[in-house]
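Colleague: Starting from the given sequences, assemble the full structure and let the hints guide the process.
For the record, in the sequence shown the residue sitting at position 65 is 65 according to this note's numbering, with numbers rising by one throughout.
FYI, nobody ran anything at the bench for these hints, they're computed from the structure.
What you were told as hints is all true, and nothing was included just to trick you.
Each computed DSS-like pair below joins lysine-lysine, with the alpha-carbon atoms no more than 27 Å apart:
#  : residue 1 : residue 2
1  : K25       : K155
2  : K54       : K42
3  : K142      : K132
4  : K49       : K25
5  : K25       : K35
6  : K25       : K142
7  : K35       : K49
8  : K131      : K142
9  : K155      : K142
10 : K42       : K25
Listed next, with one range per pair, are the computed distances between beta-carbon atoms:
#  : residue 1 : residue 2 : range
11 : Q169      : E91       : 48 to 58 Å
12 : E151      : E121      : 15 to 25 Å
13 : Y171      : L47       : 42 to 52 Å
Where is the CB? At the ideal position from N, CA and C, for every residue including glycine.
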Amino acid sequence: MSDSRLRGLIDRIRRLYADRADINKDISEVFTEGKALGYDTKIMRQLLKRMGMKAEDRDAADEMLERYEADVGIAGSATPHVDMAPPPKREAFTAPPNASSEDRLRAIISQVLTMRAERVEMTQTIGLELKKARAAGFDPRKITEACMWLERCDKHGRDQMLASEELFQIYREIGDGPKPEVKVEGDSKLVAMFAGDQQQVEKKAPTLKQRQVSDAIAYAQISRKMRGLK
1 MSDSRLRGLI
11 DRIRRLYADR
21 ADINKDISEV
31 FTEGKALGYD
41 TKIMRQLLKR
51 MGMKAEDRDA
61 ADEMLERYEA
71 DVGIAGSATP
81 HVDMAPPPKR
91 EAFTAPPNAS
101 SEDRLRAIIS
111 QVLTMRAERV
121 EMTQTIGLEL
131 KKARAAGFDP
141 RKITEACMWL
151 ERCDKHGRDQ
161 MLASEELFQI
171 YREIGDGPKP
181 EVKVEGDSKL
191 VAMFAGDQQQ
201 VEKKAPTLKQ
211 RQVSDAIAYA
221 QISRKMRGLK
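Modeller: This is how it looks when you write it as structure tokens:
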């Protein structure tokens, strides 16, 4: 394993996380637009969920809901569907100028559907990258945590995050006492911290607190390296 490969994997996953966050923000903005036009966003979400279901699944859900409504004394009125064939691929719809309210709603739903599909695809791509990381001998969980830590650095500032880690270390030493520093330096230490379990078979399993501290040190080292610091 090489440190450059690890940094490359983390960089790619971070970019995918950022893209997914942008898509989620875009979806939220479209729902806000729909709410401003007077549409019920909860109903829009239910509609989007149903539009993503197969026809037979919608039928089954409608029948079950109608049965439950009857059991509790509510008259169900689910309309059965006849389109049992797999639905064709949905085409994107853009509202024309001076569009009616119905067309604007249709355009909003079409846009949200497209972005939701992109979000699913992005999540799958992230999962694939993490599988590649595991195949390369790295622990996907630690890589995910490193990405989340770096995202918090981008959001709150590196100095604030490092100060939080230093405060955690002080509290830990008060509770457990100081621990001797491991005399391993350089990339080998960093890579070892991200190695999968198969790389750690001969070592004694660390405690939860030891893992937290080791992860915090590794994240700080990655942050320094990615910013060109030592």
